[in-house]
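In order, the protein sequence lines correspond to chains A and B.
Counting from 1, one number per residue, gives the positions in the first sequence under our numbering.
Counting from 1, one number per residue, gives the positions in the second sequence under our numbering.
Incorrect hints may appear among the rest.
[What the hints assert, rightly or not] List of simulated lysine-lysine pairs, BS3-like, C-alpha gap at most 25 Å:
hint	chain 1	residue 1	chain 2	residue 2
1	B	LYS44	B	LYS177
2	A	LYS126	B	LYS177
3	B	LYS47	B	LYS177
4	B	LYS38	B	LYS26
5	A	LYS202	B	LYS26
6	A	LYS69	B	LYS177
7	A	LYS126	B	LYS44
8	B	LYS27	A	LYS202
No lab work stands behind these hints, which were simulated from the structure alone.
Below are the chains, spelled out letter by letter.
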Amino acid sequence: MKSPLSVLVAILSGLLVLAGYFFPFPALIAIRTPMLDWAVTLAGIAGLVAIVNLIIGVHLKRLREAGPKRFFSIVVLITFLAVSVAGFYLGPTDTNFQKVVTAIQTPIETSLMALLAITLTFSSLKMLQRQRNWMGLIFFLSVILFLVINSGVLAFSAEIPALQDLLSGFHQIPAAGARGILLGIALGSLATGVRIILGSDKPYSG
Amino acid sequence: MSQYEPLIGAVVVLVFSGLVIFFSSKKFRTKFPPVFRKLTAAIKLRKAIGLAVEDGTRIHVSLGNGSLVDPANPSALAGLSTLNRIGQMASTSDLPPMCTSGSGDLQILSQDVLSGIAGDRHTLAQFDPGLARMTGVTPFSYAVGAVESMQESGISANVLMGDFGAEAGLLCDGAEKQNSYKLAGSNSIIAQSIFFALADDALIGEELYALPAYLGSQAAHQASLRVQDILRFIVILILLGAVLSRLAGWA
Chain A
1 MKSPLSVLVA ILSGLLVLAG YFFPFPALIA IRTPMLDWAV TLAGIAGLVA
51 IVNLIIGVHL KRLREAGPKR FFSIVVLITF LAVSVAGFYL GPTDTNFQKV
101 VTAIQTPIET SLMALLAITL TFSSLKMLQR QRNWMGLIFF LSVILFLVIN
151 SGVLAFSAEI PALQDLLSGF HQIPAAGARG ILLGIALGSL ATGVRIILGS
201 DKPYSG
Chain B
1 MSQYEPLIGA VVVLVFSGLV IFFSSKKFRT KFPPVFRKLT AAIKLRKAIG
51 LAVEDGTRIH VSLGNGSLVD PANPSALAGL STLNRIGQMA STSDLPPMCT
101 SGSGDLQILS QDVLSGIAGD RHTLAQFDPG LARMTGVTPF SYAVGAVESM
151 QESGISANVL MGDFGAEAGL LCDGAEKQNS YKLAGSNSII AQSIFFALAD
201 DALIGEELYA LPAYLGSQAA HQASLRVQDI LRFIVILILL GAVLSRLAGW
251 A
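Just chain B, same shape as in the assembly:
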């Protein structure tokens, strides 16, 4: 790592944070309302949530087997935001969403999110803490436990968002046997390829982190999506510039 890398990293984080705060301001949002490209998976998920509410079925959110102390945890945190949003959208349903994870810290956080939703609905007395569960501590034991959880509670849709490995295939197969809708995304390239082949809708790359914004979360989610788009274009320009300078023999 060169001596300038930490400085560049700090500048990127500061600029990103500054832009998120700026784009979150009500004045800016009113003047320039956010316009995002169509994400079919988000549209289908909204439909699946509506159907689950009408049918009296449940949505299952799987956060993968990463831990909060792993560098891969932002994917699970995006999954938690999605769980929160799904819970709010399905708040008129008798059956709140359920959540499975492969680590204790994510289990506690997901239980916290679900109890928060129950609190908002004034149904905390009926809240079942077993709806958020850690189904296994190794990738395969987690997958088998999550498949077993999918089968028991009348699940009509599965949202798999987090850190998965090859065991994602078992999860998708389990959901397929239940004939339920599967929306999946992961930070892992292996899991993404499996999801692309096996899930009804796969979230590729940064789409995973954009899903909460597409489900209509807070202004900060939408603002961060705008900043993400801006930074992506900057990265593309830098890459193209590097290629051209190499071709021209400058570097």
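Next comes chain A alone, as it looks inside the complex:
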């Protein structure tokens, strides 16, 4: 059973922030702005709590268990300690500290991006095995069509007005589809927000 006080605080906070967004009166803005600042600060503290949970709740626990993943947890713990000590000692704005962190992080993330490109190419080839229906076929044909259109192979179409109009029409289709999906997402987001403000959806305890 949720505490009525926490539900009340959540509902009132939501209503005040929403009212300040729709009706930017000075009194409402004076309440809304610090509340949003608190939310950002709390999100930052939540990040720290989550990191501590990951280190203590997952990786330190894994050290006590035999298995191949223990080695990776040791690497994570050593890296975490090294970055934390250096970060506290030098400060997060130190250029040398930032340079070292970026020099390690950027190549790793770039490699993952390259891996993603290969993964997506390979998986898209298998897509028709998974999506054996007309939607899957349309999706696959659309991908091929737009790959061809955007590859520049049809650059000569600039001299043929009818073909240019046709391609221009094709370019409108993804935008129309995306708008339709985004309208649905907007309605869904509104529904989720309203449920939380009404207190019927409570992703928190109290």
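Following the hints, position chain B against chain A.
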């Protein structure tokens, strides 16, 4: 932004809220029970939850790497509702669901949901806080950490619901290697296209927000789904009206 836009927004929110309250009333629900179109993904997820309970395996819910202070957070909140519902449905299982996220606030909320489920089952003493974890703070580090989490705990089904980007491909590939069922939905168009190609079932558009209602959540979920349908038809009518008026030369 014109001077009327905030007013229109406020009216839409008020009307939406009023209709949700009205449709949630027991009198209305008894007189007009909700009838929704079939959502294959929800049926398959129910089956996957049943199989996980029988097999003694776990369901993994991934909430993406959005934060609660991002405008994209409703997708993760829908994911939290789904996590809650999955936890309730799998309450007879020895292995409660696990949850990964890419931000601290969602990690704390998911831990709260999981501990709430454990409290309902009177198993709070055995609750493992490590079941809700933030696996990384950047999109790719989050994806790699989530894939690693999928591999360690005997996961038989993955529910990916939240704010994802292109890294969704790595998550789907990781789940594919585990030969586990993948149900995925996101507010991002990029992630939706990747999920459509790689997931076993993809939730497109507003289907993501409708999943908790399909899993039999509270009356408010079902009521909001009805209101969503009504508003969708109104939007369609407005769009058609705008097109016709343009064609007729009125606008």
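Going down the list of hints, with the structure as the test:
Annotation: proposed proximity of LYS44(B) to LYS177(B) holds, straight-line Cα distance about 20 Å (limit 25 Å). Of the supplied pair hints, the one linking LYS126(A) and LYS177(B) holds, its CA atoms being roughly 14 Å apart against a limit of 25 Å. For the proposed pair LYS47(B) and LYS177(B), the alpha carbon gap of about 21 Å is at most 25 Å, so the pair holds. Restraint check: the Cα-Cα separation between LYS38(B) and LYS26(B) comes to about 23 Å, which is no more than 25 Å; the hinted pair holds.
Taking the CA atoms of LYS202(A) and LYS26(B), the gap is about 20 Å. The hint holds against a cut of 25 Å. Simply put, LYS69(A) and LYS177(B) have alpha-carbon atoms about 17 Å apart, close enough for the 25 Å limit, and the pair holds. A hinted pair counts as satisfied when its Cα atoms are at most 25 Å apart, and LYS126(A) with LYS44(B) qualifies at roughly 21 Å. Between LYS27(B) and LYS202(A), the direct Cα distance comes to roughly 24 Å. Compliance with the 25 Å bound is thereby established for this hinted pair.
Violated hints for the displayed structure: none, as all numbered hints are satisfied.
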